[in-house]
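Visitor: The primary structure of each chain is shown beneath.
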Amino acid sequence: MMDTFAALAHGMAVAIQPMNLLYALIGVFLGTAVGVLPGIGPALTVALLLPVTYKLDPGGSLIMFAGIYYGGMYGGSTTAILINTPGESASMATALEGNKMAKAGRGGPALATSAIGSFVAGTLATIGLAFLAPWLVDFAVRFGPEDYFALMCVAFVTVSATFGDSPVRGLTSLFIGLTLGLVGIDKLTGQARLAFGVPELLDGVEVTTLAVGLFAVGEALYVASRRHHTEEKLEPVRGSLWMTKEDWKRSWKPWLRGTMFGFPIGALPAGGAEIPTFLSYSTEKRLTKHPEEFGKGAIEGVAGPEAANNASAAGTLVPLLTLGLPTSATAAMMLAGFQQYGLNPGPLLFAERPDLVWGLIASLFIANCMLLVLNLPLVGLWVRLLAIPQPWLYAGILVFATMGTIAAKPSVVELSMLAGFGVLGFLMRRFDFPIAPVVVGLILGPIAESQLRRALAISLGDPMTLVQSPISATLLAVALIALLAPFVLKGLGRFKANED
Amino acid sequence: MFRFPLRLVGAAVALTLAAANPAFAQQLELKLMAPAAPGGGWDQTARSMQQALVASGVARSVQVTNVPGAGGSVGIAQFVNGAKGDGNQMMVSGFVMVGALAMNKSPVTLEQVTPIARLTEEIQVIVVPANSPIKNAQDLAAAVKADIARVTFAGGSAGGVDHVMAALFAGAVGADAKKINYIPFSGGGESLAAILGGKVTAGISGLSEYEGQIKSGKLRAIGVTSEKRIAGSDIPTFKEQGIDLVIANWRSVVAPPGITPEQRKTLSDAVEKMVKSDAWKEILKQKGWEDAYLGGDAFADFLKKETARVTDVLKSVGLVKS
Numbered sequence: 000m001m002d003t004f005a006a007l008a009h010g011m012a013v014a015i016q017p018m019n020l021l022y023a024l025i026g027v028f029l030g031t032a033v034g035v036l037p038g039i040g041p042a043l044t045v046a047l048l049l050p051v052t053y054k055l056d057p058g059g060s061l062i063m064f065a066g067i068y069y070g071g072m073y074g075g076s077t078t079a080i081l082i083n084t085p086g087e088s089a090s091m092a093t094a095l096e097g098n099k100m101a102k103a104g105r106g107g108p109a110l111a112t113s114a115i116g117s118f119v120a121g122t123l124a125t126i127g128l129a130f131l132a133p134w135l136v137d138f139a140v141r142f143g144p145e146d147y148f149a150l151m152c153v154a155f156v157t158v159s160a161t162f163g164d165s166p167v168r169g170l171t172s173l174f175i176g177l178t179l180g181l182v183g184i185d186k187l188t189g190q191a192r193l194a195f196g197v198p199e200l201l202d203g204v205e206v207t208t209l210a211v212g213l214f215a216v217g218e219a220l221y222v223a224s225r226r227h228h229t230e231e232k233l234e235p236v237r238g239s240l241w242m243t244k245e246d247w248k249r250s251w252k253p254w255l256r257g258t259m260f261g262f263p264i265g266a267l268p269a270g271g272a273e274i275p276t277f278l279s280y281s282t283e284k285r286l287t288k289h290p291e292e293f294g295k296g297a298i299e300g301v302a303g304p305e306a307a308n309n310a311s312a313a314g315t316l317v318p319l320l321t322l323g324l325p326t327s328a329t330a331a332m333m334l335a336g337f338q339q340y341g342l343n344p345g346p347l348l349f350a351e352r353p354d355l356v357w358g359l360i361a362s363l364f365i366a367n368c369m370l371l372v373l374n375l376p377l378v379g380l381w382v383r384l385l386a387i388p389q390p391w392l393y394a395g396i397l398v399f400a401t402m403g404t405i406a407a408k409p410s411v412v413e414l415s416m417l418a419g420f421g422v423l424g425f426l427m428r429r430f431d432f433p434i435a436p437v438v439v440g441l442i443l444g445p446i447a448e449s450q451l452r453r454a455l456a457i458s459l460g461d462p463m464t465l466v467q468s469p470i471s472a473t474l475l476a477v478a479l480i481a482l483l484a485p486f487v488l489k490g491l492g493r494f495k496a497n498e499d
Numbered sequence: 000m001f002r003f004p005l006r007l008v009g010a011a012v013a014l015t016l017a018a019a020n021p022a023f024a025q026q027l028e029l030k031l032m033a034p035a036a037p038g039g040g041w042d043q044t045a046r047s048m049q050q051a052l053v054a055s056g057v058a059r060s061v062q063v064t065n066v067p068g069a070g071g072s073v074g075i076a077q078f079v080n081g082a083k084g085d086g087n088q089m090m091v092s093g094f095v096m097v098g099a100l101a102m103n104k105s106p107v108t109l110e111q112v113t114p115i116a117r118l119t120e121e122i123q124v125i126v127v128p129a130n131s132p133i134k135n136a137q138d139l140a141a142a143v144k145a146d147i148a149r150v151t152f153a154g155g156s157a158g159g160v161d162h163v164m165a166a167l168f169a170g171a172v173g174a175d176a177k178k179i180n181y182i183p184f185s186g187g188g189e190s191l192a193a194i195l196g197g198k199v200t201a202g203i204s205g206l207s208e209y210e211g212q213i214k215s216g217k218l219r220a221i222g223v224t225s226e227k228r229i230a231g232s233d234i235p236t237f238k239e240q241g242i243d244l245v246i247a248n249w250r251s252v253v254a255p256p257g258i259t260p261e262q263r264k265t266l267s268d269a270v271e272k273m274v275k276s277d278a279w280k281e282i283l284k285q286k287g288w289e290d291a292y293l294g295g296d297a298f299a300d301f302l303k304k305e306t307a308r309v310t311d312v313l314k315s316v317g318l319v320k321s
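Chains H and V, in that order, give the protein sequences.
Residue numbers 0 to 499, in numbering that gives the first Met the number 0, belong to the letters of the first sequence in order.
Residue numbers 0 to 321, in numbering that gives the first Met the number 0, belong to the letters of the second sequence in order.
Simulated from the structure, these hints should not be mistaken for lab results.
Fair warning: this is a prediction, and the values are worked out from it, not measured in the lab.
Incorrect hints may have been included.
Unchecked claim - Incomplete in silico selection of chain H near chain V, CB under 8 angstroms:
1. Gly143
2. Lys186
3. Pro198
Ideal placement from N, C-alpha and C gives every residue a C-beta, glycine not left out.
Let the hints inform the model, and build the full structure from the sequences given.
Guide: Written out as structure tokens, the structure is:
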């Protein structure tokens with residue numbers, strides 16, 4: 000333990016060298032900028048910067064990459080809250096409540112709770128990275144396909160939190176998403192499914208294209224169609240621009256719970272950032288004292304997922320640094336960055352280059368502080384965006400969404416899909432179907448399917464493998480309880496009512 | 000807000016290039032397509048070529064474009080149709096594309112492009128967890144022969160080099176390759192976790208990907224696929240252990256169809272000069288890639304043979320319907 004502190008202190012000394020501070024600043028600035036634009040993610044930015052940083056020293060450029068990574072997670076939430084356009088899929092849960100808050104004139108507090116929540120979660124998770132990494136990675140490696148499948152079952156149960164009022168409509172949306180998830184090459188047999196001979200569809204439907212199409216384009220079309228009915232007046236600020244005492248009180252627990260979801264799941268090799276954000280959202284929805292506000296702009300629904308999102312970013316660094324396992328596209332680019340300097344992340348890196356590893360971890364703390372300083376003053380500026388007349392604002396959103404999609408995948412098919420999903424999003428809004436379950440289905444469906452089939456292939460088709468692993472058995476039990484508890488409680492309630 | 004940083008990057012690139020670039024740089028301005036998303040092996044190959052071509056003064060500028068999709072199927076289709084006859088364009092390709100094109104029933108094939116050169120290769124390895132009872136390639140061969148379905152191999156995507164290698168291993172030890180139990184994972188990361196966690200019998204990947212784990216003793220390498228033992232390495236080859244399994248994940252560069260012999264010569268000469276440059280050698284060392292330069296007709300020949308071999312294996316495991 001003391002060793003860790005000493006190493007961290009040493010790392011701090013490396014990180015606060017003026018040049019390294021500058022690299023961190025460039026990193027968080029670039030990261031925030033690319034996070035705001037849908038389509039251009041941190042991975043692409045790091046890829047573009049790799050050749051440029053070739054001449055820099057390894058410590059400095061890795062610190063910059065880490066800044067981009069954290070910054071991207073901050074930036075994605077800004078557009079999610081303000082204009083209902085998640086910059087990346089991990090910000091989708093944030094858009095659910097955050098945008099409702101912004102429309103009610105509470106954009107300021109929503110941005111603030113997301114910035115501060117990200118800071119709290121990022122800091123806690125970085126502490127976790129420093130102290131728990133070796134232990135956590137042993138646990139993460141023990142997660143087999145059957146355990147992932149069980150985790151997906153838990154996630155599926157929690158999806159219902161995003162359904163809104165009607166379970167039938169929610170399930171319909173979910174199944175649209177699951178169907179979209181089938182498109183492309185089947186991971187286990189290499190055969191194409193639902194691709195209709197279009198080569199661009201072989202890789203499946205891109206989550207960001209679907210999310211941007213449904214959320215941003217769909218919303219723009221819907222607003223345009225309603226324009227002659229009622230002029231919806233957006234008030235940029237109603238009440239305080241900053242978080243009130245009440246907001247703080249309602250935010251701090253979701254921050255901590257979000258961190259608890261984000262960090263360990265982010266550390267799993269196939270965990271990702273989306274699943275913890277949804278787990279956090281549904282947990283907050285269940286625990287809140289203001290259930291009537293959910294769906295209309297509850298601050299807990301922003302605070303929790305945002306914290307989970309950032310904590311998972313730190314979690315991803317656990318397998319990267321300790322095993323050399325890149326578990327996200329950005330982590331893979333950072334691995335390439337390490338290799339550029341002849342460094343091999345893995346069990347030996349901590350021993351061979353402690354200055355570099357601890358310098359990186361220390362600079363994550365610094366990047367986090369910088370992001371808070373960079374983002375909080377911007378809140379006032381960002382919410383002004385909502386004062387732009389609606390036709391201008393939504394035209395801007397359309398340009399923004401299209402540009403981001405083209406930047407990520409320059410192809411006609413991709414753009415047609417964006418337009419198609421936009422129309423779908425419009426129709427779903429028009430006929431009152433929830434849109435989040437579609438995206439959730441697309442994310443969870445393929446993971447659940449391939450992990451289940453992997454587990455069964457390894458066990459030679461014996462389904463008992465799903466309950467023989469203690470992790471999987473526990474998770475399945477949790478899923479079952481979460482699924483049945485509402486019915487049982489309702490039944491008990493009725494029973495009591497009868498007795499009276 | 001967004002434009003400024005990118006411009007800054009552009010300026011920085013221009014500056015670095017200008018600094019590294021001697022005044023006698025030629026007029027060659029190339030466009031290089033990586034038929035994959037940023038970050039993967041092909042993208043890294045393209046960006047490394049960009050770096051070496053410019054730094055060594057072979058080309059004045061090189062522009063890398065990414066066209067991701069379906070193991071290169073989308074990229075090659077765009078390349079063959081869009082760049083036809085253009086002597087200033089090239090595309091990175093490799094082993095994985097051969098299998099992907101066959102499996103996706105792509106209307107465009109590698110026979111249509113103009114081969115320029117094979118550039119690099121990565122040697123493949125089979126590993127087992129440190130506590131596995133399997134100590135060497137013969138132990139694994141015995142297990143495969145005893146009950147092939149119970150031996151699970153973890154590796155990369157279906158039909159990729161790892162999958163082909165599993166089938167070749169089974170065939171080489173006299174088992175029925177059709178029955179291999181191969182579990183594809185997306186990316187080396189996930190499969191490594193499955194191997195370390197003891198979920199599968201053995202793992203297949205490029206050697207560099209597992210090197211750290213092998214050195215730290217968490218994984219045991221039971222054989223590499225090179226012809227001869229790698230200098231300074233104590234991992235035996237499969238050939239040494241009496242199993243005829245030689246395969247490498249090669250990457251190459253090709254030109255569009257319909258270019259003139261002069262254009263082909265210009266491109267081939269440029270690539271040959273780049274391969275001999277110090278900048279390229281430095282990159283190979285950093286990335287752990289083996290120099291596998293093979294130019295001209297020899298490469299065209301190799302490409303034909305490798306395509307036939309891979310297609311045969313994929314047919315035998317049922318991924319390609321004959």
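Visitor: Against the earlier hints, flag every one the structure doesn't satisfy and list their numbers going up.
Guide: Result: no hint breaks.
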